[in-house]
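Peer 1: So the chains spell out like this:
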Amino acid sequence: MSAASDVAADAGAAQAMTPVLSLRGVSKRFGAVSALTDIELDVHAGEVVALVGDNGAGKSTLVKILSGVHQPTAGTIRFAGQDVTVADPAAALALGIATVFQDLALCENLDVVGNVFLGRELSPFALDEVGMELRTWTLLRQLSARIPSVRVPIASLSGGQRQTVAIARSLLLEPRLILLDEPTAALGVAQTAEVLDLIERLRERGLAVIVISHNMEDVRAVADRIVVLRLGRNNGVFYPDATNAELVTAITGASENAVSRRRARHMDAAGTEGAGA
Amino acid sequence: MKAAELIDRTDERLHRSDSPVDTIRLFLDRIRSGELGSLPVIVGLVLICGVFEGLNSVFLSSGNLVNLLYDSSTIGVISLGIVGILMVGEIDLSVGSVSGFSSALVGVLWVNMGWPVWAAIAAAIACGAVIGLVYAFLFNRFSMPSFVSTLSGLLAILGLQLYILGDTGSINLPYGSRLVTFGQSAFVPPPIAYAAAVLAGLALFATELRTARRRRGADLSSRSVRSIAGRALLLGAVLAALVFYLDRDAGVPWMLCLFIALVLLLNYTLTRTRWGRAMTAVGGNREAARRAGINVARAYTSAFVMCSVLASIGGILASARLASASQQAGTGDVNLDAIAAAVIGGTSLFGGRGSAYSALLGIVVIQAISNGLTLLDLSSSLRYMITGSVLAIAVIVDSLTRRSRLSHGRA
Ligand SMILES: Nc1ncnc2c1ncn2[C@@H]1O[C@H](COP(=O)(O)OP(=O)(O)OP(=O)(O)O)[C@@H](O)[C@H]1O
Ligand SMILES: [Mg+2]
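Heads up: the sequence lines are chains A and B, in that order. Under this note's numbering, the residue at position 25 of the first sequence is numbered 25, and the numbers go up by one with no gaps. So this note's numbering is basically just the index in the second sequence, starting at one, shifted up by 1000.
Hints are computed from structural coordinates only; laboratory data are not their basis. Note that beta-carbon positions come from the ideal geometry of N, C-alpha and C, so glycine has one too. It is possible that some hints are incorrect.
Claimed, not checked - A few chain B residues facing chain A, derived, Cβ under 7 Å: (1) I1007; (2) G1166; (3) T1168; (4) A1196; (5) A1200; (6) T1269; (7) R1272; (8) R1274; (9) V1296; (10) G1388.
To be verified - Simulated coverage check for chain A against chain B, where a stretch passes if three residues somewhere in it have a Cβ under 8 Å from a Cβ of chain B: (11) 36-44; (12) 120-127; (13) 141-153.
Unchecked claim - Computed footprint of chain A on chain B, listed as stretches where at least three residues anywhere in the stretch have a Cβ under 8 Å from a Cβ of chain A: (14) 1205-1215; (15) 1281-1295.
Could you build the full structure based on these sequences and the hints that come with them?
Peer 2: Here's what the structure looks like:
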């Protein structure tokens, strides 16, 4: 692609197509608690949607519904233009939905290769360990992983290394939709940048990406749209040019909030510092 | 090729184990951090053998070893099933009853009702499979803890065994029949036994060499030809020596060969197939396995069915060994011995860790103890106490290594 307009046209076409994922009125109750209420969400191919919200806003619950871990209490899920029920994680994987869970969900007693290929081992009756090890190294290098050996049990890896393994796992499948629940929460500076690059590469390859993060800078850097959840409900859709104050207001539900008070205090202390972003 | 170019040796923090000194240091490291493997068992076995040999020099004689290994094979097969069920983190307490019931069923169908022996055996194994399916159903459908379902199974199946045996209480299997001969006096002809020992060495050499070639071709670290040849030679030599020693008496029992073949088969399926990976994953972290798309219920079902089927095969072998199917078959210490063997051999009670070889190692330890104590003419009260203590030690080792693995990050 040489001309920028071509890219824009392609992106426009992608937007015009039916969304890869489309949620209508999705709700989830855990006993007396309504974790999600009437959630609406569209994600198109080649689009990165950031899902933000306070702790307990329901982001992980939504991800778990999409990956088949939980069943929604109400609402419809359309995937690639078809109504689907994601009955279990195997069904989600079969549809082409890959997930990096917030709690990672790795088997501590298996080594890195075993975890990356879990459930999708090469040649099921005579495991191709060499092939799997090579592919694992390729995936890990793509993420600039700092993992000394792929033949050690997951239990001996650091939090960030485990997160990299979980991300590598999700890439193995060649999914159509990838759900990343706080993928950079434990990562170092270089690895975070790698994951952000990776998200952009996934978008270029035409995947739909949902990414959850509490880091507004990262979110604005990669997201095409920012969907805010608050107390289990949709609370606005923003674009990366939204200001921090707007986002924080939507997330916390009030323009008078802990973040703005803190900023005001700092500005008082600094005297005549500019308003900034 | 320089080690630095290898894909899996690029991280500078990685300690290479190129020189023998490094290899030993890494080995000591692993022991300290709880990766004990089969070392404590082998040390324990050597100690036990030393003590009993010192007390009674019959213990290590060819004749006694033949007997010991012959006896090990029956409960060893049952113990293999326990390894499978422990891998997924569950337990089957009814293997003794299942084995006793199977032997009784074979006796009733074959001797009393005149079925062909193969049909009676097939029927008994099928019953074992059904019992496993019932446990799996109770577990998957009602989340009934396997501890409870198999404990009730223990009683119910013992009742069935007594019921089908009826008033007679005991059925003698005909001497001279193929089954009883297999259980009492079927030995591998020496040429075949030696050939098998050599073949085992060659097979190890060939497979390891193939793996090493493939890894080298892919720029991954690999074993040197010299170390592969050394290991293969060692294996062949040890097996040949064993064959030589057993041949001074009756020789290598075919039943032992069947047991070892089953051990090798289970080892292959656990370590080299997708099914085995799924079993390990389910035992390690059930929810993670489910989220990886593994059919968790199927993994549990296969473990329960395999365990009951192997228990019934073991029961049939035991009845062949005794040439009888009686009310006592499968009662007493069969249950405990089978479970203890798996744990003593190094399969974890906490799930997700274990190997088929632990059944082999563990049952030899248990049989060595019980055989040695019998030779010393000690009462069974003492035998029970000693076997119980050995089991307790094995479980303590299991718990301690688990703790040490956690603190050394090797969970
Ligand atoms: N399995 C469950 N059973 C009962 N309640 C649950 C369960 N999972 C989540 N919840 C509740 O649902 C709500 C949303 O939780 P969720 O994990 O989706 O939050 P989140 O937005 O991911 O928060 P965080 O930013 O802290 O990860 C919380 O109130 C939580 O207590
Ligand atoms: Mg969350």
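Peer 1: Any CB of chain A closer than 7 Å to the CB of I1007 (chain B)?
Peer 2: Because about 5 Å separates I1007 (chain B) from the closest Cβ in chain A, which is inside the 7 Å limit, the hint holds.
Peer 1: Holds or violated: R1272 (chain B) as interface residue toward chain A, Cβ cutoff 7 Å?
Peer 2: Cβ of R1272 (chain B) sits 5 Å from chain A, so the hint holds.
Peer 1: Would you settle whether the hint for G1166 (chain B) is holds or violated, based on the nearest Cβ-Cβ distance to chain A being less than 7 Å?
Peer 2: 45 Å, violated
Peer 1: Can we keep the V1296 (chain B) interface hint, with Cβ of chain A closer than 7 Å?
Peer 2: 9 Å, violated
Peer 1: Mind taking a look at whether chain B covers the segment 36-44 of chain A? Criterion is 3 or more residues with CB to CB distance under 8 Å.
Peer 2: It is violated, with 0 qualifying residues against the three required.
Peer 1: Given a cut of 7 Å on the nearest C-beta pair, is the interface hint for T1168 (chain B) held or broken against chain A?
Peer 2: Interface hint status for T1168 (chain B): violated (47 Å vs cutoff 7 Å).
Peer 1: How about the segment 120-127 of chain A: do at least three of its residues have a C-beta closer than 8 Å to a C-beta of chain B?
Peer 2: holds (count 6)
Peer 1: Does G1388 (chain B) meet its interface restraint, that is, does its C-beta lie within less than 7 Å of any C-beta in chain A?
Peer 2: The hint is violated - G1388 (chain B) has no Cβ within 7 Å of chain A, the shortest such distance being about 29 Å.
Peer 1: Given R1274 (chain B) as an interface hint, is its Cβ closer than 7 Å to any Cβ of chain A?
Peer 2: Because about 4 Å separates R1274 (chain B) from the closest Cβ in chain A, which is inside the 7 Å limit, the hint holds.
Peer 1: Does the closest beta carbon of chain A sit nearer than 7 Å to the beta carbon of A1196 (chain B)?
Peer 2: Given a least distance of 23 Å, the restraint on A1196 (chain B) is violated.
Peer 1: At least three residues with a C-beta closer than 8 Å to a C-beta of chain B: is that true for the segment 141-153 of chain A?
Peer 2: holds (count 8)
Peer 1: For the segment 1281-1295 of chain B, do three or more residues have a beta carbon lying closer than 8 Å to a beta carbon of chain A?
Peer 2: holds (count 13)
The structure fails hints 2, 3, 4, 5, 6, 9, 10, 11 (numbered hints given earlier, in ascending order).
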